[in-house]
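Undergrad: The residues making up each chain are set out below.
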Amino acid sequence: MNIFERMMSLDRRWVFLFVALVCVATYIVPFEIPVRVDDEVRSIFEFIDTLRPGQIVFVAIDYDPNALAELHPMTYAIMEHCFRKNLKVIVTALSQNGPGMAEQAIRDIADSVRLDREYGGVKYTGREIVRGEDYTFLGYKPYYALVILGMGQDFRIPFPTDYYGVTLDSIPMMRGVHNYAQVAVVVDLSAGNITDAWIAYGQGRFGFPLALGLTGVMGADYYPYLNSGQVFGIMAGLYGAAQYEQLADNPGRAKDGMRVQVYAHLVIILFIIMGNVGYFMSRRKRAGAAR
Amino acid sequence: MSSSRLSCKRTKRGCPTSPLFGQVLAPASSRRCDLTARELPRNAKTCRTIVGRVPREAQRNKKPDIRLDIRLQDFQARLKTYTRHRITIRSLTALLLLLTALSGSQAQDNADSVLTSDLETSLAPAALPPAPVTELKAFDSKNDHGHSVTLNWRLSPDDGAGKNIVFAYEVYRWVPFFMDSLKSVREKLSQTESAIAELEVFEPPAKHLLNMHREGKPGKGFADSVKFYEDTLAASKRLLPEYRQQVDRLRDERDEGIDRIPSAHTSYPSEGEWRKVGTVVAGESRFENVGVKDKESADYLADNTPYYYRVDAVTVNPAVRSQSDVVGPVRSSGQWFNTGRVPVFVAVMVFGFLTVYFITRAKRGIDLYVRPLAGIDAVDDAIGRATEMGKPILYVLGLGTAADIATIASFTILGRVARRVAEYQTQLIVPCYDPIVMTVAQETVKAGFSDAGRPEAYNEDIVYFVTQSQFAYVAAVNGVMLRQLPATNVYMGRFYAESLILAETGALAGSIQIAGTDEIAQIPFFIVACDFTLIGEELYAASAYLGREPLLLGSLKAQDYAKAAVIALATAGIVAANLDWTWFTTLFRVSR
Amino acid sequence: MRRQIPLALVMIFGIFMIFQYFVPHESSEWVYEFLLDWIYIIGIFALALGIWSLIRVSVEKIHSRKSGWGYPIITLAGLFLMILFGFIGRRDGVWGLYFMTAEGLSNPMFRHFFDYILIPIQSTMFALLAFFIASAAYRAFRARNILASLLLIAALIVMLRFNPYMGPIGPYVADTASWLLNVPNLAAKRAIIIGIGLGIVATALKVILGIERGYMGKG
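Protein chains in written order, with the working numbering: chain A, 194 to 484; chain B, 499 to 1090; chain C, 14 to 232.
A hint or two may mislead.
[Claimed, not checked] Selected chain A positions facing chain C (in silico; Cβ < 8 Å): (1) N290; (2) L339; (3) Q346; (4) Y416; (5) H458.
[Claimed, not checked] Derived DEER-like restraints, expressed as beta-carbon distance ranges: (6) A1075(B) / F473(A): 32 to 38 Å; (7) M30(C) / P804(B): 46 to 52 Å; (8) I64(C) / G863(B): 46 to 52 Å; (9) R368(A) / I86(C): 48 to 54 Å; (10) A1075(B) / R15(C): 50 to 56 Å; (11) V1073(B) / F209(A): 33 to 39 Å; (12) L97(C) / R952(B): 38 to 44 Å; (13) E740(B) / D304(A): 43 to 49 Å; (14) V1073(B) / F473(A): 54 to 60 Å; (15) L626(B) / E42(C): 46 to 52 Å; (16) Q821(B) / E42(C): 34 to 40 Å.
The hints are simulated quantities; they were obtained by calculation from the structure and are not laboratory data. Ideal Cβ positions, reconstructed from N, Cα and C, are used throughout, including at glycine.
Isolated chain A (complex conformation) (with noise of 0.2 Å):
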């Protein structure tokens, strides 16, 4: 087997041995990709800006622990923004591991919170995340779609009692809101089926502002959606996480992620020029042995 051949067909173990290498070095060595903000992106960013203290943002949390390199960046990077600027937050998780995801999103967010920080040039003082007050964790309840429809009347209908078996009626944050109207808007961070559910029953039916964190594969999907109104932002993967922290002043894991995403994509490039060069050179070497 010459070189050429060699090339075209290098064994399996050989790919995943310099990914490997290529992603643990590219996340032990410190150095920051430059991120390119999309509007798509932006517009979520710039809406949860504009909003008042105390409005209410609902994020979905509807991914499991398999999507949390991609979408857990979001949900801190928005939740944060949000404790930050002192809204509201109602948190759901529909899909089967989300509970634990979003309970582990809020204690290390109300974390990073209670620090005084800076973002964008402007001081923030930290501060205590309350229970009941700054948020709302509704858990998880199996069939998204009658979930979401059922929330549409009222949060009560399908979740009477919150993650931790209060009553609604009794949670501070929750007495006058009811349904979707009182929310200013939904995020939807999802890997799977779940985002659909959120624009037929949910934006479809009751018209509030929607925004999606998708992940990378997702993404291309939902830009019809994007484009026709149904959506007004979207987050695809990695790297709509990073951008998401860019604006916030808040760099966290996805901007760390970036590294290592970008030089195992170069990566894979390489490997492909690789095997058409050999493919290439063998099949000449080919042709001139046959004349």
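Chain A is fixed; fit chains B and C onto it per the hints.
TA: Leaving out everything else, chains B and C in the frame of chain A:
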């Protein structure tokens, strides 16, 4: 100013989120604040930038109206344009006067006085009411389940023009005082129900703790609260039956009240008052008063009830407004046919007719050609290969539910595979993600074994449930692939991100792989990693292809004709859109 | 009879669901919501069947000492431990069983199992995709003919769209990638979607009319 309020940028024309945007002078010392329309009154004393009267309506209204807020953004955009034009005109005037001023200082004074008076006039509180809206019409909202009334009107002539610029339209409905008593019954009922729920939640742990205490095992810091628990439990024992009775009584009262809603509205115009039901920003001439159908909800809007409406055109100064004529009585009701969905109805009917027509033709024995499907042809070969190698066949039904058409199509192929497996006496493994799918798959495989004349070869372990967690399922299936090294892997159904992980692991294990899915995003992954792939609808066609039954083939023919119709209509739509034939595109519009 | 009743039920409810779409009236909605409630009920019963199946298959493997019989032990341990931890909690310093309350859900073991076992394992499974995509792309993207070359070029452009090292051609690459995704890619997807849509309607009709019976265990 606290740090939390440092949020939005203030421009020279004031806070962009305020309806007074453009009417506010230069910013105060702080360049940033988040002053908004509804916060104006509370901040009015501290903010030196506000000119003119603070709206009284805003003072009263402390609850944020979020819907209004979203609409406000449109309004602000229009106000910005308006202000920009006004400034341009003012600048031109100033320029002219400045040119004149070159000839003498008197002219400069004139320019200043003109500019100042213009500014003062524009910012002075409005004195005259704007022209009211006209041609107000109210009617039952179309194509809904009832509980909704739609209003439309002709805009006030002062909408977006004149000095008394109309800022918004407020919609009022006449509400009998009886509704207040019904509301208080509802509130009492809700409070009592909450109290019962809280007592019921409290009781078991409190009893448990008291028992622990009596057994001599006091919890941390518990001794101090023994009396509290005892008192509350005693009160709970006394109050719960009382509360439950009260709830029953209040429910009866509420139900009676709900029945009386229509008759209470007949007393118009006495024993009631006008109440605001909504606001729309200037420029909009339509409002839908949507209630809910749930009688227990406070937002319930009864059907077949005579409602009366009026619309007020309001200015920035809420005291300066004008009322429209009253319209009514109007009754809401549900419809039995959604006329907005006629295009879908026609399409369903036409397609249904085509399907039945071709099935009937096929029954008569007319041969219908179906192009070869390599993926399905490969199934038999793959089963043969597995038999020769003495290795099992792995069949994955995907992550869909039993209601997904892809899964239903997959059951058909599974039946065929099971029959062949039983004939060749090969081993079959079917790990399932959904328990309902598992139940159906068990029946399918069982039937396949029976059809092959080997029912005894079927055992319950062929089809089993793994988990409903996506990647835990993938891990389990990958484990099967790497441990048992199946000769053939068949993936048919709905797949998501796990498709490539499954297919690559299968390739690593050296299995022949056949896939079929209607999840578009996953098709490329299967094409790359599998030997044969059924793309989209090919999966649905598999059952017809396998069985060659005329009944099934007939529906395929209907699909082809429907596709031809879609292509023809799409082409016509492109032409119509380019020629501005809106009537044509309107024909296909479907409402919610 | 065992076949006729399910077929009749499918036909009745299938036809009802078609017409329900066109009837917005409250009574039609009521029946629709009533039927949807049944999905919950059936799902819960089926879940019990599923868990039973999992336990049975696992126990059988352990019992017969089949190859890899250690894995079912971990499966069963995970299943029961998570349920147990989710119901055990501490209130006022006293441990007890709490159903659907904050105490059970804040059980430290429940959280630790979730945070330090489930999340890393699932994330790892998903992360495998990066490696598999790399290896699949390496094997599949070969410029064998014109169409394959086009596919290869499109893939390279889309992968490079986030790359910050593209210099002055960066914006052009990003715009081309967006065009590729929004125009040819979307056009092809829509064509497939239309085909799938018609296929779904045709299959649904076949199921309603009792022609397609694969879901009943008969092909």
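Undergrad: Next step is simple, just say for each hint if it's right about the structure.
TA: Here's how the hints hold up against the structure:
no.	hint	in the structure
1	N290	7 Å, holds
2	L339	6 Å, holds
3	Q346	11 Å, violated
4	Y416	6 Å, holds
5	H458	5 Å, holds
6	A1075(B) / F473(A): 32 to 38 Å	45 Å, violated
7	M30(C) / P804(B): 46 to 52 Å	35 Å, violated
8	I64(C) / G863(B): 46 to 52 Å	50 Å, holds
9	R368(A) / I86(C): 48 to 54 Å	50 Å, holds
10	A1075(B) / R15(C): 50 to 56 Å	54 Å, holds
11	V1073(B) / F209(A): 33 to 39 Å	52 Å, violated
12	L97(C) / R952(B): 38 to 44 Å	42 Å, holds
13	E740(B) / D304(A): 43 to 49 Å	46 Å, holds
14	V1073(B) / F473(A): 54 to 60 Å	45 Å, violated
15	L626(B) / E42(C): 46 to 52 Å	49 Å, holds
16	Q821(B) / E42(C): 34 to 40 Å	36 Å, holds
Hint check: violations occur at hints 3, 6, 7, 11, 14; the rest are consistent with the structure.
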